[in-house]
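There are 2 protein chains.
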Amino acid sequence: MKASIITIGDEILIGQIVDTNTVFIARELNALGIVVAEKLSIGDDRQQITDTLRRTLDFSDVVILTGGLGPTKDDITKHTLAEMFHSPMRFDEQVASHVERMLTSRGIDFNELNRAQALVPECCEVLFNRHGTAPGMWFEHEGKIIVSLPGVPFEMKHLMEDEVLPRLKQRFTLRAIVHRTLITSGLAESMLAKRIEKWEDALPSYLKLAYLPNPSAVRLRLSAYEVDGESVSKEIDRQFSELEKIIPEYVVGYETASMEEIVHRMLTERGKTLSTAESCTGGSIASRFTAMAGASQYFLAGVVSYSNEAKADILGVDPSTIERYGAVSEQVARQMAEGARRISGSDYAISTTGIAGPTGGSEEKPVGTVWMAVATPTHTVAVCKQCGTDRGQVINRASGFAIALLHDELLKA
Amino acid sequence: MKASIITIGDEILIGQIVDTNTVFIARELNALGIVVAEKLSIGDDRQQITDTLRRTLDFSDVVILTGGLGPTKDDITKHTLAEMFHSPMRFDEQVASHVERMLTSRGIDFNELNRAQALVPECCEVLFNRHGTAPGMWFEHEGKIIVSLPGVPFEMKHLMEDEVLPRLKQRFTLRAIVHRTLITSGLAESMLAKRIEKWEDALPSYLKLAYLPNPSAVRLRLSAYEVDGESVSKEIDRQFSELEKIIPEYVVGYETASMEEIVHRMLTERGKTLSTAESCTGGSIASRFTAMAGASQYFLAGVVSYSNEAKADILGVDPSTIERYGAVSEQVARQMAEGARRISGSDYAISTTGIAGPTGGSEEKPVGTVWMAVATPTHTVAVCKQCGTDRGQVINRASGFAIALLHDELLKA
Chain A
1 MKASIITIGD EILIGQIVDT NTVFIARELN ALGIVVAEKL SIGDDRQQIT
51 DTLRRTLDFS DVVILTGGLG PTKDDITKHT LAEMFHSPMR FDEQVASHVE
101 RMLTSRGIDF NELNRAQALV PECCEVLFNR HGTAPGMWFE HEGKIIVSLP
151 GVPFEMKHLM EDEVLPRLKQ RFTLRAIVHR TLITSGLAES MLAKRIEKWE
201 DALPSYLKLA YLPNPSAVRL RLSAYEVDGE SVSKEIDRQF SELEKIIPEY
251 VVGYETASME EIVHRMLTER GKTLSTAESC TGGSIASRFT AMAGASQYFL
301 AGVVSYSNEA KADILGVDPS TIERYGAVSE QVARQMAEGA RRISGSDYAI
351 STTGIAGPTG GSEEKPVGTV WMAVATPTHT VAVCKQCGTD RGQVINRASG
401 FAIALLHDEL LKA
Chain B
1 MKASIITIGD EILIGQIVDT NTVFIARELN ALGIVVAEKL SIGDDRQQIT
51 DTLRRTLDFS DVVILTGGLG PTKDDITKHT LAEMFHSPMR FDEQVASHVE
101 RMLTSRGIDF NELNRAQALV PECCEVLFNR HGTAPGMWFE HEGKIIVSLP
151 GVPFEMKHLM EDEVLPRLKQ RFTLRAIVHR TLITSGLAES MLAKRIEKWE
201 DALPSYLKLA YLPNPSAVRL RLSAYEVDGE SVSKEIDRQF SELEKIIPEY
251 VVGYETASME EIVHRMLTER GKTLSTAESC TGGSIASRFT AMAGASQYFL
301 AGVVSYSNEA KADILGVDPS TIERYGAVSE QVARQMAEGA RRISGSDYAI
351 STTGIAGPTG GSEEKPVGTV WMAVATPTHT VAVCKQCGTD RGQVINRASG
401 FAIALLHDEL LKA
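So the protein sequences, as listed, match chains A and B.
In terms of my numbering, the first sequence has 346 at position 346, counting the first letter as 1, and numbering is strictly consecutive.
In terms of my numbering, the second sequence has 395 at position 395, counting the first letter as 1, and numbering is strictly consecutive.
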């Protein structure tokens, strides 16, 4: 079972937006056992949409398109599909009344452009989009499936989860795709490859090995496509435990969830609470946690203490400590975490204080220098990390490191 | 002049990474005047690489490939290109000594895998990669250009800037691509489209209009491809000033600035300061502002008051108000904003309190109900917005609406 994913919209071809839709779709299709053969981005162009869909249908059982379903003239996906499948349009009353209700509740006129959103090709099945105004569409054509979804990420996600994936599961008998990742740290990619060469060469041919290097780790992914999931998972377990024997000191873990998801689960299970005190990360740690459903069970409060006064007045950091050691210092990071814990009454608190850049760096504390601390019921730990040179990178890495520091403390507790 | 961009690597097809490389490449090619016709992601597969490159060369003058150049066995791009162009390999001494120096300085063995990175097809020109071990490659084939770059983002970026873009500029006589964006706020997409219908219909045919809606604004982009840059820019200026006459009260700015960038600029220029008090948005507003360089000039402090105790203890919200009206209420939103202003000493403060979901909703206050307020030096305004049904959407929309509310107050001040 092969699939292709096509995103439609000039904004991708001119580099105006980052495409995260196809990341989600690819992951979900893989989890279902459908191999993604190709991903494409094309423009809002009738001919290009038609040609691309024809070509990908040659080698795909399923083609998923996103984008181009808005109410305005630049959006042409729906009419192009109707034309391609020689289908007249019909007016869907259920969609129309849903769109009207939705817009009226937001104080928006229900005009003929919105009414036109309820026009769908007769030959398709409507995938009801309860979160937006553009319906999804499911076409069957010569035994193949074509799905058209809106490009708005959360609308697409809900339609995939509620409609597309269940239908694909029911429609096809699918074999499994298995991806498993082992994380190594401390060996460069080429050295690692030499060390595990014999193991790699002896892998069964249906297991595909990929090296995924990044600055702090090299991840090794074993993949198998369209196999019996259970027996292949067992074989991968066996292969990875072989590998652990070859490089025991370099294996640091297996990839599952993100670090904040792991911490989220640990805090929830243990009934412990959390607060944050952020300077350079500016609310990014708080928003990573609060983005997850159920965060209100353990997340009590966060403070973004950007100014020195806020550090002193809200968190109770001693102004003389700031004066003596600077705002970016171990002492201030510790007092921030302890202050957050105190004012919120939480069990744990995370703090960050650093130089996100682009300005504010010095010889001694260059851009990217971040002190972070975790206060626990029994003690406080603090570390300093170099988090890069680009502002976004510094915020991102510092948030990640600080959450990992809390994770370490939770493991020890 | 048309280009295609191909990323090679299974990690994209299985949804393991978000592709930002092609965003950068697409933007740079557009700026140079080269139209990106298609973007593709394919696997580390010899046949697929060959077929895709052949197909895209049919309609592209330039094809840029990234990925698959590492030292390990899963990376096959280089040998596939050599095979395709019937070229033997040669050993590049300069690359070899650079790789050896680079690895030695990091304490990494220079082994035969690294040595093999200095093997390049004879028919290509090496693009020297001073930031990594895999050289870039420049091929000319039947009057077309094929460029192969490493997939590591900063290595790719430096090679694009230092080698690829200057060569393309020199090699071709390029016309301009112009993209200009006008930002509107306060009209839903479909209402806006009706209001400007006549203007849209009268646009010259070489100007392409796109609607780019998000919760706080609808951006209108005019694009023209392969034109005389200067005269088309003037025409776009003329068209946009026409448009301003039609909807004067809804035009808030130009170019791709987000609402927070516009507010960032207004606060900076006026020397005014800001604080935030967030409940349901969980730090998302603070992190949007602090993500921008220079935010420390005006952003004093933010509080994520997730628990009722935090609202009372940190922000000074009256517990009896919470008890009487509930945490999601106009009264609490007002007291939160005023509290943030008071404890931080800022000129302005934004607050949000709502139900992000998926649980916690009621008949009277369903998921997505958000009260938000802005406190100014003279008064406080509060509004209630329905921000959707999905947790991520609610956080995102509520943040956007709240920032737009501050923007309205800044306009009036």
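Hints may contain errors.
A few chain B positions that, by computed beta-carbon distances, are all more than 12 Å from chain A [claimed, not checked]:
no. : residue
1   : E11
2   : T378
3   : D390
4   : V394
Computed cross-link-like contacts, DSS-like style, restricted to lysine-lysine with a CA-CA straight-line distance of at most 25 Å [unchecked claim]:
no. : chain 1 : residue 1 : chain 2 : residue 2
5   : A       : K245      : A       : K198
6   : B       : K157      : A       : K208
7   : A       : K194      : B       : K73
8   : B       : K234      : B       : K245
9   : A       : K208      : A       : K194
10  : A       : K2        : A       : K198
11  : B       : K234      : B       : K198
12  : A       : K144      : A       : K2
13  : B       : K198      : B       : K144
14  : B       : K365      : A       : K73
15  : B       : K157      : B       : K169
16  : A       : K2        : A       : K194
17  : A       : K144      : A       : K169
18  : A       : K73       : B       : K169
19  : A       : K169      : A       : K234
20  : B       : K208      : B       : K198
21  : B       : K144      : B       : K169
22  : B       : K272      : B       : K245
23  : B       : K169      : A       : K198
24  : B       : K208      : B       : K2
25  : B       : K208      : A       : K73
26  : B       : K73       : A       : K73
27  : B       : K73       : B       : K245
28  : A       : K245      : B       : K73
Pairwise CB distance ranges, derived in the manner of DEER restraints [to be verified]:
no. : chain 1 : residue 1 : chain 2 : residue 2 : range
29  : A       : T50       : B       : C384      : 23 to 31 Å
30  : A       : L411      : B       : A413      : 33 to 41 Å
31  : A       : G316      : B       : S97       : 55 to 63 Å
No lab work stands behind these hints: they were computed from the structure.
Even glycine gets a Cβ: it sits at the ideal position worked out from N, Cα and C.
Hints, one by one, checked against the model:
E11(B), annotated as away from the interface, has a beta carbon of chain A within 12 Å; the closest lies near 6 Å. Distance to chain A confirms T378(B) as a non-interface residue, since its nearest Cβ pair spans about 23 Å, more than 12 Å. At the 12 Å boundary, the C-beta of D390(B) falls inside the reach of chain A, the nearest C-beta of that chain being 5 Å off. Separation of V394(B) from chain A is inadequate, the least Cβ-Cβ distance of about 10 Å not exceeding the 12 Å criterion.
Annotation: proposed proximity of K245(A) to K198(A) holds, straight-line Cα distance about 13 Å (limit 25 Å). Taking the CA atoms of K157(B) and K208(A), the gap is about 29 Å. The hint is violated against a cut of 25 Å. Between K194(A) and K73(B), the direct Cα distance comes to roughly 11 Å. Compliance with the 25 Å bound is thereby established for this hinted pair. Taking the CA atoms of K234(B) and K245(B), the gap is about 17 Å. The hint holds against a cut of 25 Å.
Between the alpha carbons of K208(A) and K194(A) the distance comes to roughly 17 Å, so the proposed pair stays at or under 25 Å and holds. For the given pair, K2(A) sits about 32 Å from K198(A) by alpha-carbon distance, which is inconsistent with the 25 Å threshold. A threshold of 25 Å between alpha carbons decides the hint, and for K234(B) with K198(B) the separation of about 20 Å falls inside it, so the pair holds. Proximity of K144(A) to K2(A) is assessed by CA-CA distance (about 11 Å); at most 25 Å being required, the pair is judged to hold.
Annotation: proposed proximity of K198(B) to K144(B) is violated, straight-line Cα distance about 43 Å (limit 25 Å). Taking the CA atoms of K365(B) and K73(A), the gap is near 36 Å; set against the 25 Å cutoff, the hint is violated. For the hint pairing K157(B) with K169(B), the CA-to-CA distance comes to about 16 Å; that is within 25 Å, so the pair holds. For the given pair, K2(A) sits about 34 Å from K194(A) by alpha-carbon distance, which is inconsistent with the 25 Å threshold.
This hinted pair checks out: K144(A) and K169(A) have alpha carbons roughly 14 Å apart, not beyond 25 Å. Taking the CA atoms of K73(A) and K169(B), the gap is near 34 Å; set against the 25 Å cutoff, the hint is violated. This hinted pair checks out: K169(A) and K234(A) have alpha carbons roughly 24 Å apart, not beyond 25 Å. This hinted pair checks out: K208(B) and K198(B) have alpha carbons roughly 15 Å apart, not beyond 25 Å.
Between K144(B) and K169(B) the CA atoms are separated by roughly 14 Å; this keeps the pair inside 25 Å, and the hint holds. Between K272(B) and K245(B) the CA atoms are separated by roughly 30 Å; this puts the pair beyond 25 Å, and the hint is violated. At most 25 Å may separate the alpha-carbon atoms for a hinted pair to count; K169(B) and K198(A) exceed this at roughly 47 Å. As the CA atoms of K208(B) and K2(B) are separated by approximately 18 Å, the hinted pair is consistent with the 25 Å bound.
Taking the CA atoms of K208(B) and K73(A), the gap is about 10 Å. The hint holds against a cut of 25 Å. This hinted pair does not check out: K73(B) and K73(A) have alpha carbons roughly 48 Å apart, beyond 25 Å. At most 25 Å may separate the alpha-carbon atoms for a hinted pair to count; K73(B) and K245(B) exceed this at roughly 62 Å. A distance of roughly 22 Å separates the Cα atoms of K245(A) and K73(B); the hinted pair therefore holds under the 25 Å criterion.
The hint said 23 to 31 Å for the Cβ distance between T50(A) and C384(B), and at roughly 45 Å that hint is violated. As the Cβ distance of L411(A) to A413(B) is approximately 51 Å, the hint placing it in 33 to 41 Å is violated. Distance hint check for G316(A) and S97(B): the Cβ-Cβ separation is about 57 Å, which falls inside the suggested range of 55 to 63 Å.
Hint compliance for this structure: hints 1, 3, 4, 6, 10, 13, 14, 16, 18, 22, 23, 26, 27, 29, 30 are not met, and every other hint is.
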